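Asks: Here is what each chain is made of, one letter per residue.
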Amino acid sequence: MADEFDDFLAQALGPPEREADRVFVARVQSQIRLHEQLRAEGRGMLSMLAIQVLGIAAIAAAVFWLLRSPEIAAFAAESPAILLTMLLAAFSFAVLLFSTGSSPGRSRVSFSIA
Amino acid sequence: MPSSGQGVARQNEEDLALSRRAAAGDGAAFATLVEKYERPLRAFLARMGAAEIADDIAQDAFLKAWRAARQYDGSARYSTWLTSIAWRCRLDELRRRPRVQPAPPANPGSNPDAAEVSDMLARLSENERASLVLCDGHGWTHPEAADLLGLPLGTLKSTVARAKAKCREMWSGAGNG
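Order-wise, the sequence lines are chains P and R. Residue 1463 is where the first sequence ends in the numbering used here, and the numbering goes up by one at each step. Residue 1410 is where the second sequence ends in the numbering used here, and the numbering goes up by one at each step.
Chain P on its own, in the form it takes in the complex:
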């Protein structure tokens, strides 16, 4: 009786005998692909943000350094509108450069199954 019950239990509680569920496998693969794509985009956005922050900091430092020169300071005092226009043009150029410069990275996952 004990053996019969043990056999019954092992058979009833064990995993079913069947082939791998291709649909389930494909669902997991697509979820992983999506996850990797989002991760790559997140990484790309972060690195772009870092580059932009560095770029703006560099421009700010350059402007600060230029304004410390007596000639530039005198020019700024005489015609601040021209200086402001020049700064805005430089800033617009930098923004254009950043927005077209880089795109988010791509996923490195390959799911080619023979």
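Some hints here could point you the wrong way.
Derived EDC-like pairs: lysine to aspartate or glutamate, alpha-carbon spacing no greater than 20 Å straight-line [what the hints assert, rightly or not]: (1) Lys1399/R <-> Asp1356/P; (2) Lys1269/R <-> Asp1259/R; (3) Lys1399/R <-> Asp1380/R; (4) Lys1269/R <-> Glu1368/P.
By construction, these hints were calculated from the structure, which means they are not laboratory data. All figures in this text were calculated on a predicted structure; none of them were measured in a lab.
Given the structure of chain P, go ahead and fit chain R onto it with the hints provided.
Replies: Here is chain R on its own, set in the frame of chain P:
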């Protein structure tokens, strides 16, 4: 002919190699692992109840296993490692969805014994059910199951024995044996 221990060791080595390839971004290697282990994992989760979320939990577990592929070191069987991830996912899911009761599924399928087994399992506690399914159904060792459920080894052994005794009683009461 290799012994069972050698077979397990070779299996671990194969799975470790696949997991390392997966950690390096090889999706095909990971797909092989999913193909190998989706059947027992989903069967275990379905047996543990809340069948409607069992597949979601299994999917979540595989995604986490993919992300943590680097952490698998081959010291345990891959199925044990994966099931421990799934077990944590399940606990999280049950915490998130308090209305989902961890009751065994009413899914007899084509096997006439399946309804009887589901009924038996429904009368066991969560730990009794898990330890019985793992040890008597999936061939886990007692230390493996104790580790997964966070129980001392002695407690796990007595839990399995108690669960089995309850099932035997129900089985005999149903006119078997």
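Asks: Against this structure, judge whether each hint is valid.
Replies: The hints, checked one at a time:
no., hint, result
1, Lys1399/R <-> Asp1356/P, "holds, 16 Å"
2, Lys1269/R <-> Asp1259/R, "holds, 16 Å"
3, Lys1399/R <-> Asp1380/R, "violated, 23 Å"
4, Lys1269/R <-> Glu1368/P, "holds, 10 Å"
Violation of the numbered hints given earlier is confined to hint 3; every other hint is satisfied by the structure.
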